[in-house]
Amino acid sequence: MFPLRDDIPSRTFPVAMSLVMGACAAAFYYTLALPSPVEVKRLFTTFGVIPAQVTGVAVPTPAAFPVRLGASLFLHGGWTHLLGNMLFLWIFADNVEDAMGHGPFLVFYLICGAIANLVHVLANPLSTEPTIGASGAIAGVLGAYLLLYPRARVQLLVWLLFVFVRFVWVPAVLFLPVWVFLQLASGLATLGVPTAGGVAWWAHVGGFASGMALAGVFAGGQRR
1 MFPLRDDIPS RTFPVAMSLV MGACAAAFYY TLALPSPVEV KRLFTTFGVI PAQVTGVAVP
61 TPAAFPVRLG ASLFLHGGWT HLLGNMLFLW IFADNVEDAM GHGPFLVFYL ICGAIANLVH
121 VLANPLSTEP TIGASGAIAG VLGAYLLLYP RARVQLLVWL LFVFVRFVWV PAVLFLPVWV
181 FLQLASGLAT LGVPTAGGVA WWAHVGGFAS GMALAGVFAG GQRR
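Under the numbering used here, the first residue of the sequence shown carries the number 1, and numbering increases by one thereafter.
Since the hints were made in silico from the structure, they are not lab data. Careful: at least some of the hints might be erroneous.
[Said to hold, decoys possible] Distance condition first, Cα-Cα at most 20 angstroms in a straight line; then the derived SDA-like pairs of lysine to any residue:
hint: 1; residue 1: Lys-41; residue 2: Val-54
hint: 2; residue 1: Lys-41; residue 2: Val-67
hint: 3; residue 1: Lys-41; residue 2: Ala-58
hint: 4; residue 1: Lys-41; residue 2: Thr-31
hint: 5; residue 1: Lys-41; residue 2: Pro-9
hint: 6; residue 1: Lys-41; residue 2: Thr-80
hint: 7; residue 1: Lys-41; residue 2: Leu-19
hint: 8; residue 1: Lys-41; residue 2: Tyr-30
hint: 9; residue 1: Lys-41; residue 2: Thr-61
hint: 10; residue 1: Lys-41; residue 2: Val-59
hint: 11; residue 1: Lys-41; residue 2: Ala-52
hint: 12; residue 1: Lys-41; residue 2: Tyr-29
hint: 13; residue 1: Lys-41; residue 2: Ala-25
hint: 14; residue 1: Lys-41; residue 2: Ala-27
Work out the full structure: start from the sequences and follow the hints.
Now the structure itself:
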């Protein structure tokens with residue numbers, strides 16, 4: 001299942017969200033324009049967050065670590081990676097930006113992304129795979145949404161064995177905790193397994209937790 005929309009209309013045009021989506025699209029277009037997979041790998045290695053470099057196990061790339069904490073949030077490894085992240089951002093970020101304001105939301109987004117990357121490093125200190133993608137920052141948006149819009153509902157597309165398709169509305173207070181629980185369960189299942197896939201589960205958990213912790217700071221206690 002995955003979300004399609006929520007039932008909270010935007011009060012203002014989501015300027016910051018649009019800038020983030022535009023930057024992700026531009027970075028992806030740049031990636032597609034690179035002449036070879038070797039160049040793409042070099043880009044990801046230079047600007048992705050590589051835990052083993054942070055912990056001193058591997059030699060760091062020329063890009064400074066703070067630069068990589070931010071730049072990695074705008075890089076994506078394929079169409080599915082990009083579109084999946086942008087769908088979640090499109091559904092939930094506009095309302096969080098409404099509550100925080102354009103500038104504060106952008107700062108909040110970047111902070112959550114940085115914290116998500118740091119949590120991933122702590123959970124996978126020996127990993128030499130570059131971590132890229134907006135999902136950690138978007139998880140922060142989900143955490144804030146849960147606190148700011150507890151009465152919201154989310155429409156989900158549900159299927160069974162690729163045959164049975166149904167659209168259902170569920171409360172955000174049900175969907176979002178289930179979502180983060182699945183991330184936590186997957187993260188626990190892959191702890192200490194360096195070859196267990198390419199999803200940064202702990203970045204999702206860290207981002208979600210940071211979003212919940214910072215929501216009140218950036219939104220001034222607003223709740224709907």
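Hint by hint, here is what the structure shows:
1. Note on Lys-41 and Val-54: the hinted pairing holds, with a Cα-Cα distance of about 19 angstroms set against a maximum of 20 angstroms.
2. For the suggested pair Lys-41 and Val-67, the alpha carbons sit about 17 angstroms apart, so the restraint of at most 20 angstroms is met.
3. In summary, the hint linking Lys-41 to Ala-58 is supported, as the alpha carbons are separated by about 17 angstroms, within the 20 angstroms threshold.
4. Under the criterion of a C-alpha separation no larger than 20 angstroms, the hint pairing Lys-41 with Thr-31 is consistent with the structure, at around 10 angstroms.
5. Taking the CA atoms of Lys-41 and Pro-9, the gap is near 40 angstroms; set against the 20 angstroms cutoff, the hint is violated.
6. Only pairs whose Cα atoms come within 20 angstroms are accepted, and Lys-41 paired with Thr-80 is accepted, the gap being roughly 18 angstroms.
7. Using a Cα cut-off of 20 angstroms, the hinted pair Lys-41 and Leu-19 is violated, with the two alpha carbons roughly 25 angstroms apart.
8. Proposed proximity of Lys-41 and Tyr-30 is supported: the alpha carbons are some 13 angstroms apart, at most 20 angstroms.
9. At roughly 13 angstroms between alpha-carbon atoms, Lys-41 and Thr-61 fall within 20 angstroms of each other, so this suggested pair holds.
10. For a cut-off of 20 angstroms, the pair hint linking Lys-41 to Val-59 stands: about 16 angstroms separates their Cα positions.
11. The hinted pair formed by Lys-41 and Ala-52 meets the criterion: a straight-line CA distance of about 17 angstroms does not exceed 20 angstroms.
12. Between Lys-41 and Tyr-29, the direct Cα distance comes to roughly 15 angstroms. Compliance with the 20 angstroms bound is thereby established for this hinted pair.
13. Distance restraint check for Lys-41 and Ala-25: the Cα-Cα separation of roughly 18 angstroms lies within the 20 angstroms cut-off, and the hinted pair is therefore satisfied.
14. For the hint pairing Lys-41 with Ala-27, the CA-to-CA distance comes to about 14 angstroms; that is within 20 angstroms, so the pair holds.
This entry does not satisfy hints 5, 7, going by the numbered hints stated previously.
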